Amino acid sequence: MSSSRAAESSLLALNQQEELEDLPREYPLSTSEDEGDSDGERKHQKLLEAISSLDGKNRRKLAERSEASLKVSEFNVSSEGSGEKLVLSDLLEPVKTSSSLAAVKKQLNRVKSKKTVELPLHREEIERIHREVAFNKTSQVLSKWDPVVQKNRQAEQLVFPLSKQQSVFAPIEHVVSGWKARTPLEQEIFNLLHKNKQPVTDPLLTPMEKASLKAMSLEEVKMRRAELQRARALQSYYEARARREKKIKSKKYHKLLKKGKAKQALKEFEKLRKVNPAAALEELEKLEKARMMARQAMQEQLARNKELMQKIQVASESAEEEGVAEEEGEPFVPDVVNEVQVKASGPNPWMFRNHSSDTKEAEVQGDPEELAEPAAQEAPESEEEGPVVAEEILLKEFEERRSLRQKSGLKQIAKPVGSQETKDPSSQGVLSELRALSQKLNRENHQSRKQELSSKRTVLAVQREEPAGEEEEPLLLQRPERARTLDELEELGKEGCFQNKELPRAAVEGQQWERNPSNHLGVPKEKKRKEQMIDLQNLLTTKSPSMKSLAVPTTEELEDEEERDQRQMIKEAFAGDDVIRDFLKEKREAVEASKPKDVDLTLPGWGEWGGVGLKPSAKKRRRFLIKAPEGPPRKDENLPNVILSEKRNIHAAAHQVRMLPYPFTHHQQFERTIQTPIGSTWNTQRAFQKLTMPKVVTKPGHIIKPIKAEDVGYRSSSRSDLSVVQRNPKRLSIRHKKQLKKNSVD
Amino acid sequence: MKVKMLSRNPDSYVRETKLDLQRVPRNYDPTLHPFEVPREYVRALNATKLERVFAKPFLASLDGHRDGVSCLAKHPKSLATVLSGACDGEVRIWNLTKRKCIHMIQAHEGFVRGICTRFCGTSFFTVGDDKTVKQWKMDGPSFGEEEEPLHTILGKTVYTGIDHHWKEAVFATCGQQVDIWDEQRSSPICSMTWGFDSISSVKFNPIETFLLGSCASDRNIVLYDMRQATPLKKVILDMRTNTICWNPMEAFIFTAANEDYNLYTFDMRALDTPVMVHMDHVSAVLDVDYSPTGKDFVSASFDKSIRIFPVDKSRSREVYHTKRMQHVICVKWTSDSKYIMCGSDEMNIRLWKANASEKLGVLTSREKAATDYNQRLKEKFQHHPHIKRISRHRHLPKSIYSQIQEQRVMKEARRRKELNRIKHSKPGSVQRVSEKKKRVVAVVK
Chain A
8 MSSSRAAESS LLALNQQEEL EDLPREYPLS TSEDEGDSDG ERKHQKLLEA
58 ISSLDGKNRR KLAERSEASL KVSEFNVSSE GSGEKLVLSD LLEPVKTSSS
108 LAAVKKQLNR VKSKKTVELP LHREEIERIH REVAFNKTSQ VLSKWDPVVQ
158 KNRQAEQLVF PLSKQQSVFA PIEHVVSGWK ARTPLEQEIF NLLHKNKQPV
208 TDPLLTPMEK ASLKAMSLEE VKMRRAELQR ARALQSYYEA RARREKKIKS
258 KKYHKLLKKG KAKQALKEFE KLRKVNPAAA LEELEKLEKA RMMARQAMQE
308 QLARNKELMQ KIQVASESAE EEGVAEEEGE PFVPDVVNEV QVKASGPNPW
358 MFRNHSSDTK EAEVQGDPEE LAEPAAQEAP ESEEEGPVVA EEILLKEFEE
408 RRSLRQKSGL KQIAKPVGSQ ETKDPSSQGV LSELRALSQK LNRENHQSRK
458 QELSSKRTVL AVQREEPAGE EEEPLLLQRP ERARTLDELE ELGKEGCFQN
508 KELPRAAVEG QQWERNPSNH LGVPKEKKRK EQMIDLQNLL TTKSPSMKSL
558 AVPTTEELED EEERDQRQMI KEAFAGDDVI RDFLKEKREA VEASKPKDVD
608 LTLPGWGEWG GVGLKPSAKK RRRFLIKAPE GPPRKDENLP NVILSEKRNI
658 HAAAHQVRML PYPFTHHQQF ERTIQTPIGS TWNTQRAFQK LTMPKVVTKP
708 GHIIKPIKAE DVGYRSSSRS DLSVVQRNPK RLSIRHKKQL KKNSVD
Chain B
5 MKVKMLSRNP DSYVRETKLD LQRVPRNYDP TLHPFEVPRE YVRALNATKL
55 ERVFAKPFLA SLDGHRDGVS CLAKHPKSLA TVLSGACDGE VRIWNLTKRK
105 CIHMIQAHEG FVRGICTRFC GTSFFTVGDD KTVKQWKMDG PSFGEEEEPL
155 HTILGKTVYT GIDHHWKEAV FATCGQQVDI WDEQRSSPIC SMTWGFDSIS
205 SVKFNPIETF LLGSCASDRN IVLYDMRQAT PLKKVILDMR TNTICWNPME
255 AFIFTAANED YNLYTFDMRA LDTPVMVHMD HVSAVLDVDY SPTGKDFVSA
305 SFDKSIRIFP VDKSRSREVY HTKRMQHVIC VKWTSDSKYI MCGSDEMNIR
355 LWKANASEKL GVLTSREKAA TDYNQRLKEK FQHHPHIKRI SRHRHLPKSI
405 YSQIQEQRVM KEARRRKELN RIKHSKPGSV QRVSEKKKRV VAVVK
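Protein chains in written order, with our numbering: chain A, 8 to 753; chain B, 5 to 449.
The following block holds chain B by itself, in its conformation from the complex (with noise of 0.2 Å):
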């Protein structure tokens, strides 16, 4: 009698080592999977709740400070370092692994009114309110020796703000006029100026280097040519903006902090309109940093709270605020774009994570291929109600909240008025301006 039996190949099921997962034959007929859409929605649906779940983005505050902090910095080489300028003339260089305070300087009398580092990381310069710009040592005094600045320059004005060519050994200061000052020399070699008033901040940008910006108090943004030694254009907005940050991945975009509770992303090369308006904010926005990748950007406001903005996108898509947390003067996204650390009032700085939901650690393959579908699916149903409506809640403060409230009825109140200009006067007089367009009270050449 002939027997028949089964048999299969070992090595179709058979795995090679026990650290491999079993294998798992599949069949991809779609009749055997039914109900695709009903069940990737509901995967969506858990994903996005359980993304609520996980958003705790703060992570540590650092203390140590004597009084608000007024300028952070980051290290160009090391991810850990962040140094710290605070009001009372104090500089604290941090370690991020340790969240503690590794270095202390007493760097100036009165404010630190801008800090940068040096770009090969070995030392950086702060300005102060007693008009001097000193150059320090990353590393602190050797044993038995004495903190002293490397270098300082005494100027006549007070400089409000200061940072450092992403190149050459070059700086630029602000006050009353933009200075750019070799390292080496004690007097400028160039300063420009367009004006009389007070700058507040000059930021190089990061990718044409010889280009700056700066804002000043007359409301208006003035931007630089370093090689050629002159300005270029000047837009006037409708209020002041305190300070500016070019995007590093696109060369002629920066983003304005103004004081109308807005910030503006500008194409350098057409200022009469920004590109996009970003608007969530309900008090002056102080400061603003870019995402390395500059996909995001951070902005510090005086509202006591700090949001995320996709770069094209109007409206914010993250809000960090902690009870304790006051008036936040400045902010910075760290150079690996995972965490963003914000200096405030109460002389904390806080660290928070760039996305607020995120696992840290190293993650298996697994869990980064899970991870990547979820996301995945949270982008493809985000249109779904439910799902828009649960990825969209927020818990803001009461204060804020109120204010929201309040303004939008202000803006509502307004547009309503617009429109009723429009309506009761002769068709064509009265003309509507877009948002964007309002913003701008002059370009000047």
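Excised from the complex, chain A in its bound form (with noise of 0.2 Å):
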């Protein structure tokens, strides 16, 4: 399109050069109009055109115009009535005629350089794009609800209605009025308000708490709040600094400190001289000064120094005062002066100790309000880079060395314990290897206990998974008959005992091994070190075919090669302890634990001599034995490599859970939960109402609104809802408008 208007306008460029080159032929034409007779000529004009128009190719030749005339046709410019050719390039000619086309081209380049303006898209595009807007601000707006959500279906308990029904409240000045003081003390606590001009009634705060009140909300608080805290946390980081930095004593790190700083000061100081002469030569004559003063108590306090070294009776205010002197000048004296005076003039080491101990306590006690300084001093040094890595490198290097010293100190205490302990170093390394030991076999041990457990598991989850595969089942079971007494309904339990039979021999085989794992596992406790050692338990229990066929011995020959290798390496790994026996053996014992004891009921001495060592004549055990009956034969009885509990008992299984229930995740947990008793007669009243608490609670009477965001502590939007609809109403009417009238169509 653009392209095509380029070329429209190099047309229309073209046809004026055009038009220039041609206005000097036209000129004679115009001119020959002013010489007159121009009737004769319009005449003779007509009757050649009426000629022209004979031969019949442009009979219809509208009439042209070049003057003002009645008739005036929308088709063309007539020249009726002026009695000339009105020319096309007359009508074109630029009022000024201008050499340079500057202002045409720069029009051309604006009109080039504009870009079209884009089609606009399809309505039912853009209402689409619009609920896609509205569909996402919407959602936004609901998930604010979500946390409510989740609360209100894990919470304990639900109390309806939600919101609280508030109770009328009476305004304080009726209540106040209605009432007098009347003991002292409340007569008392009344002359107190009055006197302190406390307002009784309806503003019932006095100006200034209202003032404070307003003087800050909440989210300034808050930032005031996190201000403060942060500034104490610097506060105390720049401290905790500055002590460390105190604490330092090496000459060497005070000197770089110091030539640091000054090459920083020196620095600073060109800066300013080339940007402000006047500032850099105030500040100069201002370190002039400094450096004096310093000069200055540098040697005041070396003079009192020797003063008070020369006096030997030093009263102990004298010591207090140079303590505070020294604190004083602390900056400016490094503490190599004060050694080395003291050891020059040492006669008495006493007065020394003294001074010195004093200082200490000075230093002490003066610490925290010092520190406060040096950590506001710093703060601005902290931002130059410089010498602050230098100095960082050093601290570095100290506390790496302090932490050191500390360690060693450390070691030399932990060490004498330790030496108890163990003797010599060749003993240690016996320790830590049965250590080593220890601990491998513990982590081994878990692994294996884990892998019984895993084992386990999946023959419980294959059942599991068995009825997870239907859908859910009916809440309701639903018949044609009517339960209208107990005793139908003690029939329905029965049926449902009935159907609960039905269900298959290995998912109760395995659910009853869940239910005691002690059953399976019953070996004597001698046993089991062994077995944590090389885990046999696990070995026993998962069904690995290598194990059956060691299980059943001569009866397959029909073996791979693969098979007989594995048996041979288990058998070489095993070749200590006898596998076979021990099964065979804990069967034996499984077999006397399931078998119907007799029941001895002899009583030692009834009717006999009593006394030591005496037993029961045979003929009274006989007769007082009660042997039990013959139980029906093991199923497990011509099984040799298996041992099928027979603990179980059908009458009770019935009534027990065939699955584990949803929400529940081990059974264990479902144990626990059934075995905990919620009865008064098991728990205090205290306990027992927190246990029977109800989910829901409603209150009869009581109407339960919707859940409003006030309820829930969120601010209700207080824009209403029709706002929009409302503020737009011209489109909505128009819009409301074509509805009409496609429904009058309709």
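Hints listed in this document are in silico derivations from the structure and should not be mistaken for laboratory results.
Bear in mind the structure is a predicted one, so any value in this text is a computation, not a measurement.
Be aware that one or more of the hints could be misleading.
[Claimed, not checked] Going by beta-carbon spacing under 7 Å, a handful of chain A positions derived as facing chain B:
#1 Ala141
#2 Phe142
#3 Phe167
#4 Thr699
[Claimed, not checked] Lysine-lysine pairs mimicking PhoX-like chemistry, simulated, CA-CA at most 25 Å apart:
#5 B:Lys60 <-> A:Lys702
#6 A:Lys171 <-> B:Lys171
#7 B:Lys363 <-> B:Lys392
#8 A:Lys171 <-> B:Lys299
#9 B:Lys363 <-> A:Lys712
#10 B:Lys238 <-> B:Lys441
#11 B:Lys299 <-> A:Lys715
#12 B:Lys342 <-> A:Lys697
#13 B:Lys384 <-> A:Lys702
#14 A:Lys702 <-> B:Lys299
#15 B:Lys357 <-> A:Lys706
#16 A:Lys144 <-> B:Lys238
#17 A:Lys706 <-> B:Lys440
#18 B:Lys207 <-> A:Lys151
#19 B:Lys382 <-> A:Lys697
#20 A:Lys702 <-> B:Lys363
#21 B:Lys392 <-> A:Lys715
#22 A:Lys171 <-> B:Lys372
#23 B:Lys299 <-> A:Lys712
#24 A:Lys144 <-> B:Lys171
#25 A:Lys715 <-> B:Lys81
#26 A:Lys151 <-> B:Lys299
#27 B:Lys382 <-> A:Lys706
#28 B:Lys342 <-> A:Lys171
Backbone N, C-alpha and C fix where the C-beta goes; we use that ideal spot for every residue, glycine too.
Hints given; two lone chains; assemble the complex.
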């Protein structure tokens, strides 16, 4: 489109050029017009035209107009009346003939540079976009409810109606006016209130309180607090750092520090001189002054020191003074000075000690106040990077050295303790080995136990999966008969019990296993220790095919070589212990345990002589022994390599839960919930109430309203739901009109 | 001689007034109270049985309408007042405590399609087959005055449903489009369309009150935003949705009653999969209403029964029916969450207990403690087979029972077929679609 436009414009330009060229040729025509005698000429022309039109080529030639006339055609410009021909170039010619076409070119460029306006989207597309935007907005608004919904779903108890009905507030002035102070205490209180002009009526706050309330909003307070916290943290950091630095006694460090500072100052001074010479001069003066002061102070100090040292009967006050002085002069006076002085004039060691300890005390006392200042000084310093890095490195070094020293100290302390345990390095080595071994064993143990569990779990999981595949079973059991009485309900229960009997044996077995794992793992304790080492139990319980074949000797001859190899390997591995015999023993024990026991009712001493070492007679024993009836044959009687537990009680099983119910992940959780009683027989009143708390509480006769934003602490939007709709009613009305039109058409 | 006597402090055993319970000193030593589990189990079993014995949910039947009850409305301020509209254009206002009709209006010609009360409870709106929206005073005309609507709006098309805003003087009607009306104006302030179909019901969200949901006969559910005056999203289901209801405690959850016998609970932010599919009905579900606690909802079905579903379960916990109750058209859960009302084809409004075996009236604290304890015991032992079986047992009319059996067979056959198809096709080529996703045809932005 733009290209076509460009072509047009170029064409136009060309035309103009041609016209410019044409102009001189046309001039004579226009000049001839001035000469008069136009009437005759016009007639002549008309005649010519009439003749030319006769040839039929352009018979219908519209009249041309060059002058205002009564006859105006919208199709043509007629020149009737003016008596001359109108030439197109006359119309197109600019009023002022300008040789340069810069303006036109500019215009052209402007036209070219402008981009075309894009086509508006389809209406449906626009609506779709609107919808999507609106949906996103709305879902954002809704997601503020997520935490509330979560909380309500998980709540232990929900009490409805949610919004507490506001009790009617009686204004305080009503209460106060209808009540008089009677007791002396009350009177006293009222007196106090009146004295302080505490307003009793409506605005309950004193003007001061009001002002303070207004002073800060919650957010401001929060911000302010955060600021303060930050400042405090910074301060403590700088304090710590200052303390650390103060402790450093190295001369090198201080020298470096000083040098660094001096360098920095010099740099700054240079900078300042370049930028602002006057200020630099001032600075210089200041520096000079400071140096002077420092020197003076130092000299004073030295003098005083000398004085003090010379006085032998030093009073404690002077020492204190000195301490103070030292504090004040500390930035200027290095520790070295003092020390040297002391050593030089140290005739009295007592005095020296006294002095030093005193100063130390003073220092310690002075510390906290003092520390704040360096912290404040440090703050700007830390921004200057150059010297600080050097400082930091040094600091680190010292830190390390100190820590090393501390460690060595610790070691010295720790060593004696250790030496009590282990007297020589060799024994220590043995011990450590032992420890490592025991750890390993523990780990293995743990793993083996895990394996056991997992193997069991897989079995159970398989059982569980089976019902999980089915759909959720209906909550209701619907049938066309009605259960009217308790007896019928009883019947129902029985039916359920029969149904239960039909469940697959394997599942039941698994359950049983799950319920009392000790049954199967009922191995004497002595063995357990051994197992921990080699984990026999695990191998026995996992049903690896090789183990089976081990348990059944000389039955299957058609084994692969691989299997044989494996067998060999296992045999080698367990060369020391006889797995088969262990198993058989286990089984024997299990059989013994499951056999019904005889009941011996003999009471030694009855009808006989008593005494130590006497036994009831055989006759008596025979008489009072009740033999247990022989039970049914064991199911694993003829299965040498299997132990089938017969502890499961079919009658009880009908009342037991078959599968682990949904929210529980482990049978132990479920068992625990069942085992904790909730009745008042076993619990205190308070606990009972807590345990039997209903999940949803409603008040009879109270209307429960839908949850509101205010109920859960959200601010409800003050905006009306209609605000937008009412804001642009025009658009809507147009739309509505269209709608109505459509309706009427329908 | 010294005489020793046992002496006790009377404070530990004498009660303060004779109305107090006797003090019983207790020893909580567990060895003295053995067999906790079996004893509690027996208690739970008994509680379950008693629950079934006392489960008599039907309370009353309000009769008086001369045609099927087509719509019901609750009074926002009074628990005892209920409004109902019938298929002959009659509107009745009932008093539940007296179980009597206190007022009767011939409101429309033809059906009363929808009825809703104003949030303040002073007036109510009805829409009917005669293409009008009428506003009525809640309390009838004074003596000698003629019964006349406060306002009447004549529309171009039939309005099929109406719902009032929860806070403002605005109501919405549906028909060929969803119109939002200002009560003071006779033309809608805003009407929203998306495609052309007859919309069967429109409901305001009770929490975020600028949201609306509607369902149309071309199987879709459309959500609208009144503030932005635009529809938001549309979900198309397998079959037509008859009505929807918003959860009054969870702003973004709503449940749709569908023609395909199921109810679908949606999270409106994720419409592509329903949160839960509730199935138990054996015919089209016509109406649904949430309990004000937001934990359960009740559904009315064409299969002549109403069912109560927990929100988070896909199967119902209760089914109510009587011999004489025909197709249930509308159902409401009262605002104290204790009762359920349903209006049916055979001109009656029935009142049910929401909790079938609940004892009505004031309970003493001991009774209350006992019911709480029993409830807890039932919950604790709910997985035990005996107890489960008893608590699940319900009597059903033969028609519904046989329908259930039939549908079970059909479902099983369908499942088997699907499994076979998967089995006999190239692995991965046929995917199993979950029951939830199966029903959603499309979500249109």
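Structure-based check of each hint:
Because the closest C-beta pair between alanine 141 (chain A) and chain B is about 5 Å apart, less than 7 Å, the hint holds. At its closest, the beta carbon of phenylalanine 142 (chain A) sits 4 Å from a beta carbon of chain B; the interface hint therefore holds under the 7 Å criterion. With 7 Å as the threshold, the beta carbon of phenylalanine 167 (chain A) comes within range of chain B, its nearest partner Cβ sitting at about 6 Å, so the hint holds. Because the beta carbon of threonine 699 (chain A) sits about 4 Å from the nearest beta carbon in chain B, less than 7 Å, this interface hint is met.
With a C-alpha separation of about 23 Å, the suggested pair lysine 60 (chain B) and lysine 702 (chain A) falls inside the 25 Å cut-off, and the hint holds. Annotation: proposed proximity of lysine 171 (chain A) to lysine 171 (chain B) holds, straight-line Cα distance about 19 Å (limit 25 Å). As the CA atoms of lysine 363 (chain B) and lysine 392 (chain B) are separated by approximately 22 Å, the hinted pair is consistent with the 25 Å bound. Note on lysine 171 (chain A) and lysine 299 (chain B): the hinted pairing holds, with a Cα-Cα distance of about 20 Å set against a maximum of 25 Å.
Between the alpha carbons of lysine 363 (chain B) and lysine 712 (chain A) the distance comes to roughly 24 Å, so the proposed pair stays at or under 25 Å and holds. The hinted pair formed by lysine 238 (chain B) and lysine 441 (chain B) meets the criterion: a straight-line CA distance of about 16 Å does not exceed 25 Å. A threshold of 25 Å between alpha carbons decides the hint, and for lysine 299 (chain B) with lysine 715 (chain A) the separation of about 17 Å falls inside it, so the pair holds. Distance check on the hinted pair: lysine 342 (chain B) and lysine 697 (chain A) sit about 24 Å apart at the alpha-carbon level, within 25 Å; holds.
Taking the CA atoms of lysine 384 (chain B) and lysine 702 (chain A), the gap is about 13 Å. The hint holds against a cut of 25 Å. The suggested pairing of lysine 702 (chain A) with lysine 299 (chain B) holds, with an alpha-carbon distance near 11 Å, which does not exceed 25 Å. Annotation: proposed proximity of lysine 357 (chain B) to lysine 706 (chain A) holds, straight-line Cα distance about 15 Å (limit 25 Å). Taken as a hint, the lysine 144 (chain A) and lysine 238 (chain B) pair is honoured in the structure, with Cα atoms around 16 Å apart against an allowance of 25 Å.
With a CA separation close to 36 Å, the supplied pair lysine 706 (chain A) and lysine 440 (chain B) exceeds the 25 Å bound. With a C-alpha separation of about 21 Å, the suggested pair lysine 207 (chain B) and lysine 151 (chain A) falls inside the 25 Å cut-off, and the hint holds. The hinted pair formed by lysine 382 (chain B) and lysine 697 (chain A) meets the criterion: a straight-line CA distance of about 16 Å does not exceed 25 Å. Between the alpha carbons of lysine 702 (chain A) and lysine 363 (chain B) the distance comes to roughly 18 Å, so the proposed pair stays at or under 25 Å and holds.
For the hint linking lysine 392 (chain B) to lysine 715 (chain A), the alpha-carbon distance of about 38 Å lies beyond 25 Å, and the restraint is violated. For the given pair, lysine 171 (chain A) sits about 22 Å from lysine 372 (chain B) by alpha-carbon distance, which is consistent with the 25 Å threshold. For the hint pairing lysine 299 (chain B) with lysine 712 (chain A), the CA-to-CA distance comes to about 14 Å; that is within 25 Å, so the pair holds. For the hint pairing lysine 144 (chain A) with lysine 171 (chain B), the CA-to-CA distance comes to about 22 Å; that is within 25 Å, so the pair holds.
Pair hint lysine 715 (chain A) plus lysine 81 (chain B) holds up; C-alpha atoms about 17 Å apart against a cutoff of 25 Å. With a C-alpha separation of about 20 Å, the suggested pairing of lysine 151 (chain A) with lysine 299 (chain B) holds against the 25 Å cut-off. For the hint linking lysine 382 (chain B) to lysine 706 (chain A), the alpha-carbon distance of about 23 Å falls within 25 Å, and the restraint holds. Annotation: proposed proximity of lysine 342 (chain B) to lysine 171 (chain A) holds, straight-line Cα distance about 19 Å (limit 25 Å).
In the structure shown, a violation is registered for the earlier hints numbered 17 and 21, in ascending order.
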